[in-house]
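Peer 1: What follows is the residue order along each chain.
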Amino acid sequence: MSDRIERELWLPATPEAVWEAVTGDGWLADRVRLDLTPGGDAEFESDGSVRTGWVEDVSAPERLSFWWAVDDEPASRVELKLQPQADGTRLRIVETRPLDRLDLVGVPLPSTSGATFGPALVAA
Amino acid sequence: MSRGEAEPRPGARGGLSSGEAEDRAGAVFGALSDPTRRALLAAIAAHPATTATELATQLPISRQAVLKHLNALAEAGLLDRTRSGREVRYRFTPAPLSDAVDWMTAVGAEWDERLAVLRKQLGAGRRQATSAGSRGTGRPTPRSAGRPAPPPTRRRSSPEAG
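Here the protein sequences come in this chain order: A and B. Under my numbering, the residue at position 117 of the first sequence is numbered 117, and the numbers go up by one with no gaps. Under my numbering, the residue at position 108 of the second sequence is numbered 1108, and the numbers go up by one with no gaps.
Hints may be right or wrong, so weigh each one.
Derived pair list, reagent style SDA-like, types lysine to any residue, alpha-carbon separation capped at 20 Å [to be verified]:
| hint | chain 1 | residue 1 | chain 2 | residue 2 |
| --- | --- | --- | --- | --- |
| 1 | B | 1120 | A | 8 |
| 2 | B | 1120 | A | 16 |
| 3 | A | 81 | B | 1101 |
| 4 | A | 81 | A | 59 |
| 5 | A | 81 | A | 35 |
| 6 | A | 81 | A | 17 |
Because the hints were derived from the structure by calculation, they are not lab data.
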């Protein structure tokens, strides 16, 4: 069970062009540093706020999944899927915030503050 | 006080088991999927410390039916029950709800914004074939539950029992 956001968008561009746009600076954050290998570090900086995380899986230009979190907030997982179509690309986004894993197990993200992710969300 | 089994899974600060957390999140959305229950929550939020009898006069359902719905809401951690003489008084405890709703509202808005940027950037002028709304999650939109102001912190603080 998790909180879940889903979005889908059709774009008149090739998967390669969409991939470049969604992984580059200015989209996920002003400044995006993504080590596009499984387990690679991820850092997203916008307006002085920084999210850190890691890449879970990557298959350019079709699929990217990563985890991110702001400091002591519970982490969430983002999955981007690019599906080539005759006239463009369908981009599908799913962001989920597991209520049953990271929140509780407290898997640490590679964050400078060394924050872990305790049960902030579901604390009763 | 005698909150009995209405206590929504106490002691979680030390750590809910993953099963408990999963149950609870599922229970929140399950409880909110029913329009009668959302109406009940709204009525309780508007009139704290209300009773099943009072609620039954406000809604076109029997007191028995009200009780059944109140149990579902309490089990989801959305209501706090306090016994007062022969009656049980109900209060809305919005923490599980506001957490989930806040997150989905905030994160959903972020993605809408990003998608708008992308659409502009990659020139999607000729076909706006998008589903900017949330899709296929089967989730209720608990906004109609008449959500009161969120609690001051993200953590539930057991205001009743102290």
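Peer 1: Take the hints in turn and mark each one as holding or not.
Peer 2: Checked hints:
no.: 1; hint: B:1120 / A:8; in the structure: holds (15 Å)
no.: 2; hint: B:1120 / A:16; in the structure: holds (17 Å)
no.: 3; hint: A:81 / B:1101; in the structure: violated (25 Å)
no.: 4; hint: A:81 / A:59; in the structure: holds (10 Å)
no.: 5; hint: A:81 / A:35; in the structure: holds (18 Å)
no.: 6; hint: A:81 / A:17; in the structure: holds (13 Å)
Of the numbered hints given earlier, the model fails hint 3 alone.
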